[in-house]
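Just so you know, the sequences run in chain order X and A.
Just so you know, we're using our numbering here: the first sequence kicks off at 230 and counts up by one.
Just so you know, we're using our numbering here: the second sequence kicks off at 230 and counts up by one.
Hints are computed from structural coordinates only; laboratory data are not their basis.
On a predicted model such as this, the values are computed, not experimentally measured, just so you know.
It cannot be assumed that every hint is accurate.
What the hints assert, rightly or not - The following label-pair restraints were derived from C-beta to C-beta distances: (1) Gln512(X) - Ser573(A): 46 to 54 Å; (2) Gly244(X) - Leu477(A): 54 to 62 Å; (3) Glu385(X) - Gly244(A): 49 to 57 Å; (4) Met287(A) - Asp544(X): 41 to 49 Å; (5) Glu449(X) - Pro247(A): 52 to 60 Å; (6) Lys448(A) - Arg313(X): 28 to 36 Å; (7) Glu295(A) - Arg559(X): 28 to 36 Å; (8) Ser573(A) - Lys448(X): 42 to 50 Å; (9) Arg533(A) - Val505(X): 41 to 49 Å; (10) Gly344(X) - Gly450(A): 29 to 37 Å.
Note that the Cβ used here is the ideal one computed from N, Cα and C, for glycine as well.
Protein chains: 2
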Amino acid sequence: MKSIAVQVGSVTVGGSAPISIQTMWKRPLLKVDESLIAEVNRLQALGCDILRFAVPDMETADLLGELASRVSIPLVADIHFDYRLALRCLDYPIAKIRINPGNIGARWKVEEVVGKAKDRGVPIRIGVNHGSLPKKFQDLSDPAEALLAAAEEEIEILESLSFRTIIVSMKSSDTESTVEANRRFAKEYSYPLHIGITEAGPLIPGIVRSTLALSELLKEGIGSTIRISLSDSPETEILTAKELLTALGLRKGGIRIISCPRCGRSGFDVQGFLKVVGEKLQQDQRNLTIAVMGCVVNGPGESRHADLGITGSGDKVVIFKKGKIVQTVRPEEAVEAFLKEFRSL
Amino acid sequence: MKSIAVQVGSVTVGGSAPISIQTMWKRPLLKVDESLIAEVNRLQALGCDILRFAVPDMETADLLGELASRVSIPLVADIHFDYRLALRCLDYPIAKIRINPGNIGARWKVEEVVGKAKDRGVPIRIGVNHGSLPKKFQDLSDPAEALLAAAEEEIEILESLSFRTIIVSMKSSDTESTVEANRRFAKEYSYPLHIGITEAGPLIPGIVRSTLALSELLKEGIGSTIRISLSDSPETEILTAKELLTALGLRKGGIRIISCPRCGRSGFDVQGFLKVVGEKLQQDQRNLTIAVMGCVVNGPGESRHADLGITGSGDKVVIFKKGKIVQTVRPEEAVEAFLKEFRSL
Numbered sequence: 230m231k232s233i234a235v236q237v238g239s240v241t242v243g244g245s246a247p248i249s250i251q252t253m254w255k256r257p258l259l260k261v262d263e264s265l266i267a268e269v270n271r272l273q274a275l276g277c278d279i280l281r282f283a284v285p286d287m288e289t290a291d292l293l294g295e296l297a298s299r300v301s302i303p304l305v306a307d308i309h310f311d312y313r314l315a316l317r318c319l320d321y322p323i324a325k326i327r328i329n330p331g332n333i334g335a336r337w338k339v340e341e342v343v344g345k346a347k348d349r350g351v352p353i354r355i356g357v358n359h360g361s362l363p364k365k366f367q368d369l370s371d372p373a374e375a376l377l378a379a380a381e382e383e384i385e386i387l388e389s390l391s392f393r394t395i396i397v398s399m400k401s402s403d404t405e406s407t408v409e410a411n412r413r414f415a416k417e418y419s420y421p422l423h424i425g426i427t428e429a430g431p432l433i434p435g436i437v438r439s440t441l442a443l444s445e446l447l448k449e450g451i452g453s454t455i456r457i458s459l460s461d462s463p464e465t466e467i468l469t470a471k472e473l474l475t476a477l478g479l480r481k482g483g484i485r486i487i488s489c490p491r492c493g494r495s496g497f498d499v500q501g502f503l504k505v506v507g508e509k510l511q512q513d514q515r516n517l518t519i520a521v522m523g524c525v526v527n528g529p530g531e532s533r534h535a536d537l538g539i540t541g542s543g544d545k546v547v548i549f550k551k552g553k554i555v556q557t558v559r560p561e562e563a564v565e566a567f568l569k570e571f572r573s574l
Numbered sequence: 230m231k232s233i234a235v236q237v238g239s240v241t242v243g244g245s246a247p248i249s250i251q252t253m254w255k256r257p258l259l260k261v262d263e264s265l266i267a268e269v270n271r272l273q274a275l276g277c278d279i280l281r282f283a284v285p286d287m288e289t290a291d292l293l294g295e296l297a298s299r300v301s302i303p304l305v306a307d308i309h310f311d312y313r314l315a316l317r318c319l320d321y322p323i324a325k326i327r328i329n330p331g332n333i334g335a336r337w338k339v340e341e342v343v344g345k346a347k348d349r350g351v352p353i354r355i356g357v358n359h360g361s362l363p364k365k366f367q368d369l370s371d372p373a374e375a376l377l378a379a380a381e382e383e384i385e386i387l388e389s390l391s392f393r394t395i396i397v398s399m400k401s402s403d404t405e406s407t408v409e410a411n412r413r414f415a416k417e418y419s420y421p422l423h424i425g426i427t428e429a430g431p432l433i434p435g436i437v438r439s440t441l442a443l444s445e446l447l448k449e450g451i452g453s454t455i456r457i458s459l460s461d462s463p464e465t466e467i468l469t470a471k472e473l474l475t476a477l478g479l480r481k482g483g484i485r486i487i488s489c490p491r492c493g494r495s496g497f498d499v500q501g502f503l504k505v506v507g508e509k510l511q512q513d514q515r516n517l518t519i520a521v522m523g524c525v526v527n528g529p530g531e532s533r534h535a536d537l538g539i540t541g542s543g544d545k546v547v548i549f550k551k552g553k554i555v556q557t558v559r560p561e562e563a564v565e566a567f568l569k570e571f572r573s574l
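Only chain X is shown next, with the shape it has when bound in the complex (with noise of 0.2 Å):
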C-alpha cells in the first residue's frame, strides 16, 4: 500500500517522493554562529534532506528555532516527556516534532502540543524505540509485536484528536524485529515510514547491520524516508544512505567510485588520492563512474569503463576520459590534473 504524503518543510515524505535522508546532530546546541550555519549547509550539500536535533531544555527550543530561520534545510525537533518543549518549539519555524504523546502524561497537555502543531501545519513523527518502550509492551514475547503496539497506541491518541500528518518509526537495535514490525505495519497503515536501526553499533558493524535490514525493507518499497544511526559523524550516516539507495536504484545521480584495494603491486596511493578528492566527489550531482586504481593489472581495464580514470602506472599516474588516455603527469600533479578534467566532463 503507497503511504500518504507528509510535507517536512520543503521536504515531501511518503506518496510518490523520492526516499528522503535523515540525520541527527550529535552535540548539544549551545549557540547559533557562522560556523554552526557552515556546518549544517554541508551536511545539506552531502545529501541530507531533513535534520533532527535533540532538543532536551528551552534554551536549545530557542537556538533551534533561530537556526530554523537561517537555513533551508528542514529541521526536526527530538522531545521527550515535556510538553513546554513541544510548544516553544512550535513557535519557530521548526518542520516536524518527533514526540511520543505517550511520554506527554496529562490529556490536556497531549491536546495543546496536537492542537498547536495543527494550527502550525506541522506533521508529527511518533518514534518508538524497543530500549525505552512503555512497561507494558517491555515483556511481550514477540518484539516485532511490542514495537507495533506501541505505535498503535500512540497512532490512537492523534487520530482521536483528528492529527493526521503522522510519520511513524519502530526501531530496534536487533534487524528481524525492526524489519518486521514495519513490514506489519506497511500492510495496516498508509503513514509512512521512517526507517532506521536503533544504536546500530560503530561504523563497521553499524553499516553492515543496517544495509542488510533497510534493504529488505526498501526492495519491498517499505520506508519513505530513512536514517542510518551509527556511532560515527552525520556524514557518514548521510554517505551510508545515499550509497545505500543509489545501490538499490532507489536515487539518481551522483559519483559511483571504482576504487581499488591495494596491494603490494600498488604505485598509487588510492587512499590519500580519495581523502582528497573524496568531499569534491560526494557533494557533485552528475550521474557519472570515476575509477581510482593503483596498478596496470586491472586500472586500465576498469578506467575504460569510467567517465573518468586515474591509474599508477609505475613512476606516472595515468588519466583516461571515457576510455582514452588524456594526460599522464607526475603523482605530485594527479589531484590538479584529475579535478580539472573532473570538473570539464
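With the hints as your guide, set chain A onto chain X.
Chain A only, in chain X's frame:
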C-alpha cells in the same frame, strides 16, 4: 550443490567448513622482521583466516617464503604472468597460489607450474576480474557470461592436467554481474568459490555494495571464502567480513556491539570510548552483547538486554551487568571499570 573441500594450509575452504575470511596485504613486502610478523599475527587475531600477498618479483617471492615459515596463518601468493615467480613460491610453505594459467604463456610453462603445485599439494585459485579479462571476453554483451566463460577456460587448462584442487573467483566492480556469474557457476561446478566485489570503493560505499552483493550470494549458500575489497585498511576488510557473516548467522562467537549514535542529549563520549576498547572487543571470541549508550532515554533499556552495558547519566557513568547496575563511576574511570567487568563475564 555443495562444493568440494580444498585445503589451504591449515584452513579448509569449501565442503562443510565454515566460511573463511581473507584479506590482502596492501604494501610492498620489503623485509621480514618482528614488526611485520606482529602485524600479520594481529590480522589473524582480528579474525583473518587467509592472507594474500602480491608477488611482483623474485625478491618478494623469497620474502613471502620466509614469512610463511614464521607465521601460522596460511599465506597466498598472488602472481600475474610470470611462471617463474610461481615456481619460486612453490619452493616455500605457501598455502595457495593465485594465478590464471591462461596468462602464463606457453603450455610447457603451465605444465611446470601445475606439476609442481600438484607435487607440493598446493591449490590454485583462478581469479577472474572484469577489469582484466582476456580480449576475446571483454566485449561480450553479458558481463556475467564473460566472467564465467573466462573462468571456464582457465578451469579447462587445469583439468586437462588433471589438477582439481581449484578455488575460483569471478569478480567485477559491478554487483549484479558478480552475483549472477557466481550463481551460474555454483549451479554447474563443485569447486569452492572465493567471492567478493572487486574495487568496491572507499570505506562506506565499499561496505554497502559488498554487503548487498555478498549477502545475496551467502543467503543462497554460495561462497566458501570471502574477501571484502576496500580502499581502506586490511583491518576494516576483516571486520566487515566478520560482521557480515555474523549478521547472516554464518559465524559463531564474537562480541556484538550495540552503541548509540549520540545526540544533543548525550552525556557520554560513546565514540571515544569505543575507540579505546574497540580492539579488545573485536578480538574476543565469546558470544556476548555489549551496549555502549550515551544517555538515559534508551541507555538503560538497551543495557537491560545486554550482557554488559555502559550508559552516561549526568556526570556519572553507569555499568549494567545482565540488566543490573553493578557500578557507578566517574567518566575518567569508565574504561578501567568496564574492562574489569568485561573480563569477569
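Consistency of the hints with the structure:
1. Gln512(X) - Ser573(A): 46 to 54 Å: Holds, at about 48 Å.
2. Gly244(X) - Leu477(A): 54 to 62 Å: violated, 34 Å
3. Glu385(X) - Gly244(A): 49 to 57 Å: At roughly 55 Å between Cβ atoms, Gly244(A) and Glu385(X) fall inside 49 to 57 Å, so the hint holds.
4. Met287(A) - Asp544(X): 41 to 49 Å: violated, 21 Å
5. Glu449(X) - Pro247(A): 52 to 60 Å: With a Cβ separation near 30 Å, Glu449(X) and Pro247(A) fall outside 52 to 60 Å, so the hint is violated.
6. Lys448(A) - Arg313(X): 28 to 36 Å: Between Lys448(A) and Arg313(X), where Cβ atoms are some 49 Å apart, the hint is violated.
7. Glu295(A) - Arg559(X): 28 to 36 Å: Hint holds: Cβ distance 34 Å, inside 28 to 36 Å.
8. Ser573(A) - Lys448(X): 42 to 50 Å: This hint holds: roughly 43 Å between Cβ atoms.
9. Arg533(A) - Val505(X): 41 to 49 Å: The hint (41 to 49 Å, Cβ to Cβ) holds, given that Arg533(A) and Val505(X) are roughly 45 Å apart.
10. Gly344(X) - Gly450(A): 29 to 37 Å: violated, 56 Å
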